[in-house]
Amino acid sequence: MRILTRRGPALVTLVAAWALGASQPAWAQGLPSEPIVVGGGWLTIGGDVSATFSCAETAAEGACAGDAGFFNYTDYEHSALRMLRVDVSAAVRATDRISVLGEVRSENGGRPQPYALFVRVKPWAGRDFDVQAGRVPPTFGAFARRTYAADNLLIGYPLAYQYLTSLRADSLPASADELLRMRGRGWLSSFSVGNTTPANGLPLVSAFRWDTGVQLHAANDRLDGAMSITTGTLSNPLVGDDNAGRQLAGRLVVRAGAGLLIGLSGARGPFLARAATRTAGLEAESGEDTQTAWGADVEYSRDYYLVRVEAIVSDWRLPAVAAPAIERPLRARSASIEGRYKIRPGLYAAARLDHLGFSEITGSARRDTWDAPVTRVEVGGGYSLQRNLVMKLSFQHNTRAGGRLTRLDFGAAQLVFWF
Amino acid sequence: MTASGPRVVSAALGAPSLVAALWLASSAPLPLGVEARAAANGAIRGRVELLRAPAPAGRRPTVASLGTPPARERPDRSRSVVYLETAPRGAFEQQEPGRARMDQRNETFMPHVLAITTGTTVEFPNSDRIYHNVFSLSKVARFDLGRYAVGRSKSIRFDRPGIVRVFCDIHSHMNAFILVFSHPFFAVTDAEGRYRIDNVPPGTYNVIAWHEGVAAGPRMATVADGVAAELDLAAP
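Which chain is which? The protein sequence lines are X and H, in order.
In case it helps, our numbering puts the first sequence at residues 1 to 419.
In case it helps, our numbering puts the second sequence at residues 1 to 236.
Careful: at least some of the hints might be erroneous.
Here are the simulated distance ranges between beta carbons [to be verified]:
hint	chain 1	residue 1	chain 2	residue 2	range
1	X	Arg111	H	Arg101	48 to 54 Å
2	H	Pro70	X	Gly287	36 to 42 Å
3	X	Arg111	H	Pro70	32 to 38 Å
4	H	Arg142	X	Arg407	39 to 45 Å
5	X	His397	H	Leu51	52 to 58 Å
6	H	Arg157	X	Ala68	50 to 56 Å
Please keep in mind that the hints were generated in silico from the structure rather than gathered at the bench.
Ideal Cβ positions, reconstructed from N, Cα and C, are used throughout, including at glycine.
Looking at chain H on its own, in the form it has when it is part of the complex (with noise of 0.2 Å):
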């Protein structure tokens, strides 16, 4: 998508729901503090505290089963992501479409938590010795890969943004989030919550932290000229 004037993308990533939230793209005055100059992008970065520890991801009970299920890795639920509310010019210049990996491995999807643009393709290689069956029911992306084994891998392409789930077909436990956004104004948080947002334009914004199908904020970040701004935030 190419900017022509000012615009502005408003993301309504707030809703509790899994339901995906768009990003819808109009016309609108520039974010506060942004000036039409040239200056040096600067960052945000900061820490998301998570006010309640991740719930541990569950295996529904085996009792069906005759013995244990096969161990499996416990995704890792500590990751937010943290993205501008309000993306400033520039933010929909034309990029190169780019590549992602969500990998299948122990019964968990790895990464739990991806963050991509839009345009970009994610590849779902399975690296278990069994079958699995990405789906998704999303809004913005209703894809079924099918069943294929170990060794195997299929993608696709996100072209819409907003918040896809994503499930295996065959392991109900199996799930993982990709967040699809319109802009590159976003970060993942490292394993101690740290995030950094880099080449953002001077300004003022209105930062979210979302964390397992829940946005806190916004707060408000002001970034000066090539200068990364501290902002810290908690997730619900």
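Here chain X stands alone, though its shape is the one from the complex (with noise of 0.2 Å):
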């Protein structure tokens, strides 16, 4: 991040020249415009880069300065609106039957780490019907497989998969006092109950780590179902197990006619860790630990028109410790629209309506949202300057009823290549 930081404004330069109208660098054209191949299709091999700049309009911090406020932070140290990001994803093919899926990431130069890992499996060759297993994609909502930047419209994300609520899974507020003074604190917040070091919260449903289990998924020409039972939940995917339960989860679609999809999905886990609930005195399987998600989506796309509805409604349930108890369960609405129209051929305009709000609890002194509700428009577009190479700008405004910064307006640029 500190490198992309110095480098901002000659990158913001740099993407201004081509959005002048500058055609079609001459060292893209070098670029891959295709997945590499080895040994006749045994190996593919694919990748994701994109360079993402941004500058937030602030008095007190001056011309470009960073996320203040961290809306856009997807941990403690991360901003999706700052971020060089580098995707490799192979996937090979063991047999007709089956193939190994993997993908490696890196993030601001970072030493990559493992995103994806899982074995897929086509037990009939003739049904449309598989098993994953491994660390697999997001089975919950429709976004969640969307994340790559060249599968996003703008550059900034719905706030249900990135926005850093105040909750952690591996520590609790022992009373409805101390979850109220966390309020917008979501990208650094601390818990007297469990781990009391200072971390980021969790997300509703986390866009940028992927859970680990087993997937199973079926489709016909007018459904598409798939269920997967995983070791982490949706706003904390895990690898390695830290309460020994288990999230279920479920998705249909329905292509209900040409052009529009309608989604249905579901999730219900323990996400606390146990050590956590240890010490505030649960009982294992008490289901005082739960995270339980619904959510509803819609696509229609014609022409040139392209619209997404998505709406989520999650439950976290906390065991009570301390008065003033907390109400259960916790509760987070997120509703987005996003919608891509385009103008001509390799460019288009978008724009993106969301909302995050909270339940309301009570603490010894008033009654408030357990977190501050947060709004965000972003309205944008991109320009193709070759099929796979994408520039993308993009002005974002946010606004937070608490916490540090109760709004923020930020310009972004984003440089997305593909192959």
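Using the hints, put the two chains back together into the complex; each one sits in its own frame.
In structure tokens:
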């Protein structure tokens, strides 16, 4: 991130030069335009590289400030709007019915991390049925599998998949007062039960980590369904188990007509680490440590239009430790609508309206939402310098009913290359 | 385009990049051996040998998919296009606007390589049960036909010569080539690599073989009155 920050003005200048009408840069023509296929299709390698830079408008920090309100942070250190991300994915076809798929990801020049690694088995050649096991793609929701920069219409992410609430998986608030004190501080929250070291909170659905488990998928011409059982939960996907619990998730998509997709999702699982619930005196498998979420989404596209709507409701249950007790469940509701219109070949405009709200709880002195509601509007667009090299520009306006900063606007630019 | 006096076309299709090359009409002497007299046209025929087996068309690793993507037909990447580098007199005489078809079936453009003359309208029917979105960012034909469903077809007329790379905006593994010529002296090879360019006036010509964006040659071929010249070519 620091590297990008220093190089930010240069990147913005470069992007602006392209925006002013320069056609395909010569170096870009030498980049791969298709996935790399080895051994007659035995191994296929693809990639997705994105460089994102943004400037926030703040009176206190001068021109081109960072995200002082932590609206776009995906953890304590990384902002989705100042990021150099390199994804390399590979598919190894072991047999006609068995493949191994994996992906490693590096952010801001850091050490590549395994993002996905699973085996895909197709038991019957003539049936659209698969079993996937390992670190598998998210079952829940529509956006979760579309987080690649090349698939995202804009630069920012929907709040439900990125915005950090104050809840944590390894610690919990003893009382409603303690939780209310953390309103709007999800990038660095701390509670008195469990791990007391300040750390980032959880989103409703994590788009930046995948869960580990087994996934079943079946489809026909009209329906597409998936179920999974995994170690972590939507908000806290895991590789190693921390609570001996399992999340069950499902998704059903109906192809209701030409260009019309209607999806329903659900998930439930224990999200609190055993170490935290033990400190709180909670018995194992009490059901007082779960995240339960429901989602509905609709996509309609035709000609040059694309519209997507997605709503998610997530309930977290926390054990009562001290008075005033936290009213259960803690609910978060998100709704987003995004659209794209292709203005001319290679050029499109897009917008997203997004809101994240929270249920109210009663503390000693006041009744308030347990986290600060956030609303985000992002408008922008993209221009294809070549088919697999896209430049995006966007403007993002954030408001929050609480926290350190209640309003922050960004201008952002992103260059995306994929093969 | 109508020819007046001796004219030739210089075909600069040899660039290996995806950027389309233009055929530039200019006043120039007739190609070597072309004489101003009535003569029976001949042909150039032969075979194109691919020096390397065509790389299989790969789908991006579907790591984010919940299951195996639907099976699709593999595009036939073995076809080459053979054409005359310089076209003889009469190459630009007015021709009836043609029509051609590039189908979208099993998530594949069919054919994978289409060669047409300028003024041809190409239909892009959708024969799949899913949406497709044909587009091209090529300089000679920048277009986007939008999303449309099975049973529908959209078309576009190609008025400028050059190479047009065609893609689907929804399925990134779908791609095809359309080669637009301003003269009719070209041919697409068959499954065995054979080609035949008919109605070639007697003379000596430079012949080029193009395959998957890369042009090889030129090789010289001499066409005698009413005779088919044999010329085998190799494509990289």
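To see whether the hints hold, each was checked on the structure:
{"no.": "1", "hint": "Arg111(X) to Arg101(H): 48 to 54 Å", "in the structure": "51 Å, holds"}
{"no.": "2", "hint": "Pro70(H) to Gly287(X): 36 to 42 Å", "in the structure": "40 Å, holds"}
{"no.": "3", "hint": "Arg111(X) to Pro70(H): 32 to 38 Å", "in the structure": "36 Å, holds"}
{"no.": "4", "hint": "Arg142(H) to Arg407(X): 39 to 45 Å", "in the structure": "40 Å, holds"}
{"no.": "5", "hint": "His397(X) to Leu51(H): 52 to 58 Å", "in the structure": "57 Å, holds"}
{"no.": "6", "hint": "Arg157(H) to Ala68(X): 50 to 56 Å", "in the structure": "54 Å, holds"}
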